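Let the sequences and hints guide you as you build the complete structure.
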Amino acid sequence: MKVGKYLFSFFLVIFIYMPVTSAGSNPFSDVTEDFWAEEEIEFLAEKGIISGYDDGTFRPNESVIRSQAASMIVEALGLDTTDRPPSDFSDIDENFHAYKMAATVQDEGIITGRDGAFMPNDTLTRGQMAAVLNRSFDFSNGQVYFADINEDYVFYQDIANIAKARVTTGYEKGNTFRPNGNTTRAQFSVFLARALDDSSPAFSNIDSAAYLALESVGENHEDFITSELVQFIYTESKNLSLPRSASDQWLLGESVEQEHSQPGDVVFFQGTYLMSGIYIDNGRFIIVTSEG
1 MKVGKYLFSF
11 FLVIFIYMPV
21 TSAGSNPFSD
31 VTEDFWAEEE
41 IEFLAEKGII
51 SGYDDGTFRP
61 NESVIRSQAA
71 SMIVEALGLD
81 TTDRPPSDFS
91 DIDENFHAYK
101 MAATVQDEGI
111 ITGRDGAFMP
121 NDTLTRGQMA
131 AVLNRSFDFS
141 NGQVYFADIN
151 EDYVFYQDIA
161 NIAKARVTTG
171 YEKGNTFRPN
181 GNTTRAQFSV
191 FLARALDDSS
201 PAFSNIDSAA
211 YLALESVGEN
221 HEDFITSELV
231 QFIYTESKNL
241 SLPRSASDQW
251 LLGESVEQEH
261 SQPGDVVFFQ
271 GTYLMSGIYI
281 DNGRFIIVTS
291 EG
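Take 1 as the starting number for the sequence shown in UniProt numbering and just add one per residue.
What the hints contain is simulated information worked out from the structure, not anything from laboratory work. Hints are all accurate, no fakes.
So the derived label-pair ranges between C-beta atoms look like this:
(1) T57 x D122: 15 to 23 angstroms
(2) G116 x E172: 37 to 45 angstroms
(3) E108 x D197: 19 to 27 angstroms
(4) N95 x K173: 41 to 49 angstroms
(5) D148 x P86: 37 to 45 angstroms
(6) G181 x G109: 18 to 26 angstroms
Treat the numbers as computed from the prediction; the structure is a model and nothing was measured. Every residue gets a Cβ at the ideal spot worked out from N, C-alpha and C, and that includes glycine.
Here's what the structure looks like:
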């Protein structure tokens, strides 16, 4: 990942930085440019992974059902649906519109059903969603930091793994994941796009970096400087070795123009001393001060 550097006042950034807007055009009439998941939905549509409904809508706030999730996973992974063993799900047959998709994900061990049934029209909980994505992409094992997830929860490791992979950061309020809540079509699209897009910034959400920081230093920031946060985040998320001090990070970085800044770039603020942080989006940065 590129390490960008900038030399300007922190206070000026707050007022003069202009957010970059997407140049693309979403194909769905109910997904506007200011919709929170617009970019991810457009990303999947461009790849032919989602196509929406015949009326031109995507219905992002509806709950995703299991047959839809199966179809999206098959398309996303490019799985061959031919020459698969016949599905033994008791509630679908070859006349079911997504039969081949269901048979494929069953054969791959991605969606195994319950009590011998596929339950194609049932909604997918967020815990089940985590299991589907973890089985699909085989993420490395992680630890979970959500207040509502215990180690004995059936999908604990799946949730921990997708959190480590930055596919999800959960809900900011209360640091929760809400595993029993339904997964909306927009949410599933975002999770799937993050899993697919290797070029996506590993810390496009402030929470993901905050979790890493808390894991490293806890809630007491005494004697902890922001350049250490930058060093830790880059080491943990991208295996890049950065020096500890902001001055050394500055010397290592490649200078880029402010308007070309990308999420994940290192930014530098000139005050009484040089301080580094991480650019998120829309003029937002991750920084931490010794005052906590």
